[in-house]
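Trainee: Please build the complete structure, drawing on both the sequences and the hints.
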Amino acid sequence: MKLRNLALAACMTAVGITAFAQAKEQFFPVLPYRTGPYAPNGVPWANGYVDYLKLVNARGGINGVKIIFEECETGYDTARGVECYERLKGKHGGATLFQPLSTGITFALTEKAPGDKIPLITAGYGRSESQDGTVFKWNFPLAGTYWLAADALIQQLGKKEGGLDKLKGKKIALVYHDSPYGKEPIALLQERSKMLGFELQLLPVTAPGVEQKATWLQVRQSRPNYVLLWGWGVMNSTALKEAQATGYPRDKMYGVWWSGAEPDVKDVGEGAKGYNAVTMQHGAEPNSKVVKDILAQVHGKGHGTGPKEEVGQVLYMRGAMSAMLGVEGVRRAQERYGKGKVMTGEQTRWGLENLALDQKKLDALGFAGVMRPVSTSCVDHMGSNWARVHTWDGKKWNFSSDWLQADEMILKPLVKSTAAKYAADKKIAPRTPADCQS
Amino acid sequence: MFYRENGQFKTSYKADQQIFPIAQDRWIIVALIVFAFAGVPLLASDYMFRAILIPFLIFSLAAVGVNILVGYCGQISLGSGAFMAVGAYGAYNAFVRIPDMPLIPALIVGGLCATAFGILFGLPSLRVKGLYLAVATLAAQFFSDWMFLRIKWFTNDSPSGSVSVSNLQVFGLDIENPLSKYLFCLGILVVVALLAKNLVRGAIGREWMAIRDMDVAAAVIGIRPMYAKLSAFAVSSFIVGVAGALWGFIYLGSWEPAAFSVDQSFKLLFMVIIGGMGSIMGSFFGAAFIVVLPILLNQLLPLMGELVGLEISTAGISHAELMIFGALIVWFLIVEPHGLAKLWSIGKQKLRLWPFPH
Numbered sequence: 001m002k003l004r005n006l007a008l009a010a011c012m013t014a015v016g017i018t019a020f021a022q023a024k025e026q027f028f029p030v031l032p033y034r035t036g037p038y039a040p041n042g043v044p045w046a047n048g049y050v051d052y053l054k055l056v057n058a059r060g061g062i063n064g065v066k067i068i069f070e071e072c073e074t075g076y077d078t079a080r081g082v083e084c085y086e087r088l089k090g091k092h093g094g095a096t097l098f099q100p101l102s103t104g105i106t107f108a109l110t111e112k113a114p115g116d117k118i119p120l121i122t123a124g125y126g127r128s129e130s131q132d133g134t135v136f137k138w139n140f141p142l143a144g145t146y147w148l149a150a151d152a153l154i155q156q157l158g159k160k161e162g163g164l165d166k167l168k169g170k171k172i173a174l175v176y177h178d179s180p181y182g183k184e185p186i187a188l189l190q191e192r193s194k195m196l197g198f199e200l201q202l203l204p205v206t207a208p209g210v211e212q213k214a215t216w217l218q219v220r221q222s223r224p225n226y227v228l229l230w231g232w233g234v235m236n237s238t239a240l241k242e243a244q245a246t247g248y249p250r251d252k253m254y255g256v257w258w259s260g261a262e263p264d265v266k267d268v269g270e271g272a273k274g275y276n277a278v279t280m281q282h283g284a285e286p287n288s289k290v291v292k293d294i295l296a297q298v299h300g301k302g303h304g305t306g307p308k309e310e311v312g313q314v315l316y317m318r319g320a321m322s323a324m325l326g327v328e329g330v331r332r333a334q335e336r337y338g339k340g341k342v343m344t345g346e347q348t349r350w351g352l353e354n355l356a357l358d359q360k361k362l363d364a365l366g367f368a369g370v371m372r373p374v375s376t377s378c379v380d381h382m383g384s385n386w387a388r389v390h391t392w393d394g395k396k397w398n399f400s401s402d403w404l405q406a407d408e409m410i411l412k413p414l415v416k417s418t419a420a421k422y423a424a425d426k427k428i429a430p431r432t433p434a435d436c437q438s
Numbered sequence: 439m440f441y442r443e444n445g446q447f448k449t450s451y452k453a454d455q456q457i458f459p460i461a462q463d464r465w466i467i468v469a470l471i472v473f474a475f476a477g478v479p480l481l482a483s484d485y486m487f488r489a490i491l492i493p494f495l496i497f498s499l500a501a502v503g504v505n506i507l508v509g510y511c512g513q514i515s516l517g518s519g520a521f522m523a524v525g526a527y528g529a530y531n532a533f534v535r536i537p538d539m540p541l542i543p544a545l546i547v548g549g550l551c552a553t554a555f556g557i558l559f560g561l562p563s564l565r566v567k568g569l570y571l572a573v574a575t576l577a578a579q580f581f582s583d584w585m586f587l588r589i590k591w592f593t594n595d596s597p598s599g600s601v602s603v604s605n606l607q608v609f610g611l612d613i614e615n616p617l618s619k620y621l622f623c624l625g626i627l628v629v630v631a632l633l634a635k636n637l638v639r640g641a642i643g644r645e646w647m648a649i650r651d652m653d654v655a656a657a658v659i660g661i662r663p664m665y666a667k668l669s670a671f672a673v674s675s676f677i678v679g680v681a682g683a684l685w686g687f688i689y690l691g692s693w694e695p696a697a698f699s700v701d702q703s704f705k706l707l708f709m710v711i712i713g714g715m716g717s718i719m720g721s722f723f724g725a726a727f728i729v730v731l732p733i734l735l736n737q738l739l740p741l742m743g744e745l746v747g748l749e750i751s752t753a754g755i756s757h758a759e760l761m762i763f764g765a766l767i768v769w770f771l772i773v774e775p776h777g778l779a780k781l782w783s784i785g786k787q788k789l790r791l792w793p794f795p796h
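Going down the list, the protein sequences come from chains F and H. The first sequence runs 1 to 438 under this note's numbering. The second sequence runs 439 to 796 under this note's numbering.
Misleading hints may appear alongside valid ones.
[Stated by the list, open to error] Quick partial rundown of chain F residues pointing at chain H, CB under 7 angstroms, derived from the structure: (1) GLU71; (2) THR78; (3) PHE107; (4) GLU111; (5) PRO180; (6) ALA187.
Don't read these hints as lab results, they were simulated from the structure. Built from N, CA and C at the ideal position, the CB exists for glycine as well.
Mentor: Here is the structure:
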């Protein structure tokens with residue numbers, strides 16, 4: 001037993017030494033899940049993420065600093081994700097930042113990141129209250145949280161009814177994945193239901209969600225005006241098939257962005273026609289400049305990851321955008337700590353906290369029309385509160401709404417109170433304005 | 439030759455009743471424990487502690503617990519993940535609801551909650567046996583999944599159902615850095631493993647083994663099946679509960695009910711089967727096999743690929759890891775159906791006779 005560990009220790013140090021020899025390179029660890037039950041959604045995200053990093057290198061790096069990356073498969077398993085984090089955090093001179101792509105891993109890493117001084121980006125997922133940067137110094141739910149998604153959906157429903165006040169007396173069902181991920185929007189929806197007077201019906205679905213007959217029987221009995229779908233992986237296509245079987249109109253169904261990508265609806269095809277989903281800004285963007293650049297400079301040179309046809313799909317774009325936000329954080333940090341230098345996790349954190357991606361920068365990066373400007377601060381680690389809704393026409397996703405802005409009057413107090421509770425539980429003192437300046 | 443008990447005469451009852459009656463065993467164990475406490479901290483890196491050694495220690499503890507139930511008492515259980523969950527959430531509730539609750543009493547409260555839960559779900563063992571019991575204990579798993587997802591009180595009304603702990607202290611010392619976490623887990627493991635070793639060779643352990651070997655015969659010679667079976671459930675689930683609490687508190691820091699899914703139950707059962715049923719030592723081998731080997735494979739495969747000039751994709755590595763791991767399980771079970779602990783005892787036997795073949 002000890003011998004095995006010793007041998008292992010020897011291996012580890014050997015790996016560590018070879019890795020340490022390289023310098024002047026910015027290390028981006030990647031925690032994808034390319035296998036396991038959620039792989040259909042995890043693979044395009046990982047391909048987009050890695051392809052964008054390759055594109056940055058093809059464009060000459062971050063002010064000349066090349067990016068290196070290494071993947072460590074998590075399989076969406078929290079314990080394995082923590083192991084990957086520990087494995088990668090010290091490699092190649094230290095990890096720049098982590099993007100865990102899993103609510104469970106995000107929760108576990110939130111406890112570890114402050115000690116290791118590595119920022120966590122959870123673009124569009126993770127803990128919604130981590131928007132409050134005074135408590136969650138190292139978490140960055142950039143450009144969207146589940147609360148934002150839920151609020152945008154309610155606003156879209158309001159628009160459909162001809163005003164938010166028209167939602168009074170309506171019945172909205174939330175069909176959700178029974179896990180911390182699925183439960184995230186409940187707090188916000190309850191707040192909204194109190195305010196607007198609609199009735200919220202909660203219908204949990206046990207993971208992984210292949211068995212939903214009972215849930216949809218309830219939907220059939222109570223006939224809600226709208227169904228919000230907070231599903232994931234196989235649960236989404238199952239829900240759509242069940243909706244079809246029970247005759248629930250798909251155009252009254254609205255999914256979160258994890259329920260609104262190609263893998264979720266492809267199997268259902270025509271049956272999902274009219275189904276809507278909120279997108280955290282971008283949708284499928286095959287015509288954007290960044291996609292053309294990736295196709296030309298990465299796939300064109302034979303360095304592409306994954307099939308060429310999937311470039312520009314919804315989750316691929318999600319990966320690319322997540323990578324872009326991380327890279328821009330480093331670029332911003334370089335403005336302060338020295339251009340052309342390798343940034344540490346701590347310096348990157350400053351960059352992410354002072355991110356100022358205006359339209360001009362986005363256009364230059366090729367994200368024109370894909371997303372809106374993002375600007376973060378010490379208090380607001382989210383940086384942008386816009387979303388859109390897109391609809392599946394049987395073959396592809398098309399935008400069906402204007403830009404929707406979440407109501408800060410509702411989000412803010414909720415974020416504040418939940419973050420304060422977390423701070424009290426953990427005995428964290430909120431950051432002072434002086435700390436914010438640093 | 440190296441391992442001969444000849445000449446070691448026991449002159450008192452005390453000497454005859456030691457946990458390790460053979461001097462060599464005693465010295466090896468003492469040396470191992472000293473090495474684990476003093477040597478490993480000098481050798482191991484941060485990564486080794488956090489990603490390999492701490493999970494290994496916690497799973498060894500859980501495997502010792504499961505081995506008492508499955509290996510010694512013969513009651514196949516698929517509810518171990520649930521016992522871990524009850525231990526973790528019990529300890530969590532004690533820790534956050536009682537002001538200034540110290541860590542060790544909180545862990546013990548977690549263990550006691552798991553004990554009560556284990557006895558409750560051990561009741562079917564009085565009527566059903568073998569595989570049927572395994573299915574009956576699966577109920578514990580589903581019940582705990584349901585309980586911690588749906589009853590908000592257990593998760594301290596957190597909106598997402600995920601809980602976390604921090605600021606862990608023992609006797610005024612912070613349990614924050616990897617070394618202190620490692621030593622804390624190791625301390626608990628050593629105490630529990632020695633207690634368990636002592637327990638299984640005493641009267642109660644012999645009762646468990648009698649029940650395992652033939653429960654009718656055991657009842658005939660005056661062993662109460664109800665008492666023996668339920669005490670095995672109680673002891674086992676206490677240890678597993680403490681391990682679950684450590685998994686949540688020390689390793690994850692923040693967890694959701696999915697951390698203790700049915701996968702955990704299967705993993706623990708496999709550890710016991712591969713490590714060796716009815717052997718405390720086997721629990722350690724089993725835990726090392728299940729916890730460390732996949733990580734080792736995951737890291738060695740790309741290196742081996744590089745040697746032959748092959749770049750394996752991330753997905754490829756993780757598929758290969760699963761395939762090789764599965765093949766190794768099958769191979770070990772064919773070569774040594776009694777588990778890795780049997781290899782250990784064969785090795786000891788060989789050392790005893792060496793250099794002679796017989």
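Trainee: All hints are to be evaluated individually against the structure, with a verdict given for each.
Mentor: Cross-check of the supplied hints:
1. GLU71: 4 angstroms, holds
2. THR78: 6 angstroms, holds
3. PHE107: Constraint on F/PHE107 satisfied, holds at 4 angstroms.
4. GLU111: 4 angstroms, holds
5. PRO180: 4 angstroms, holds
6. ALA187: Interface hint status for F/ALA187: holds (4 angstroms vs cutoff 7 angstroms).
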